[in-house]
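Novice: Work out the full structure, taking the sequences as your base and the hints as a guide.
If you're matching them up, the sequences are chains B and U in order. Take the first sequence: its letters are residues 1 to 113, numbered as in my numbering. Take the second sequence: its letters are residues 1 to 113, numbered as in my numbering.
Errors might be hidden in some of the hints.
To be clear about the criterion: a stretch of chain B counts as covered by chain U if any three or more of its residues have a C-beta under 8 Å from a C-beta of chain U, and this derived list gives those stretches [unchecked claim]:
no., region
1, 62-70
2, 90-99
3, 102-110
These are computed hints drawn from the structure, not numbers from a lab. A virtual CB, placed ideally from N, CA and C, is assigned to each residue, including glycine.
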Amino acid sequence: EAQVTQNPRYLITVTGKKLTVTCSQNMNHEYMSWYRQDPGLGLRQIYYSMNVEVTDKGDVPEGYKVSRKEKRNFPLILESPSPNQTSLYFCASSWRGNADTQYFGPGTRLTVL
Amino acid sequence: DAKTTQPNSMESNEEEPVHLPCNHSTISGTDYIHWYRQLPSQGPEYVIHGLTSNVNNRMASLAIAEDRKSSTLILHRATLRDAAVYYCILTTPYGGATNKLIFGTGTLLAVQP
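Specialist: Written out as structure tokens, the structure reads:
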């Protein structure tokens, strides 16, 4: 089954404790991206990747890092999480870019205390 | 980036057609019009997209104005499962200035039994 998986689905952590949210897709997609969703602000893109070793900032990249060492994986790294990064995070992938159909993961709900 | 404008909310009765409008007066000639929806507690899912001509698929129809400054997503027979937030998004094809995907606040569709 074609899908985008994210782990963990729920995470509660404390300020400053490094964490990684994993994202994996099994569709051989070149394009992957991360979004955060906050009440009243909608979905905002954090980072995207056009292909292996090619990443670029979205609209709200501050406080986040990403890497794309393999085509299928696109982890989101929070080196020093802060409470304002409490949010619902979605990973997405598509064949080549944002004009292609985006497949979204189920979401990761992160709480930073 | 070209923006879209949608009503905040709409209501429909079950098994009746629903017309969800979207204004995109600053659309460029190469922008695609995409529609996604987000069911409660899920990631967004693709609904339909088009460039100039009207489009139909198993989920919905997309009617695009001749000047492309507006479009309408049509759900032919709304069901309770169609209750979701619907996003109208403009996307730039490969090689465009940006590969971001910009979500607005969308239209919250309520379906009454």
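Novice: Let me make sure I understand: some of the numbered hints might not hold for this structure. Which ones are they, in numerical order?
Specialist: 1
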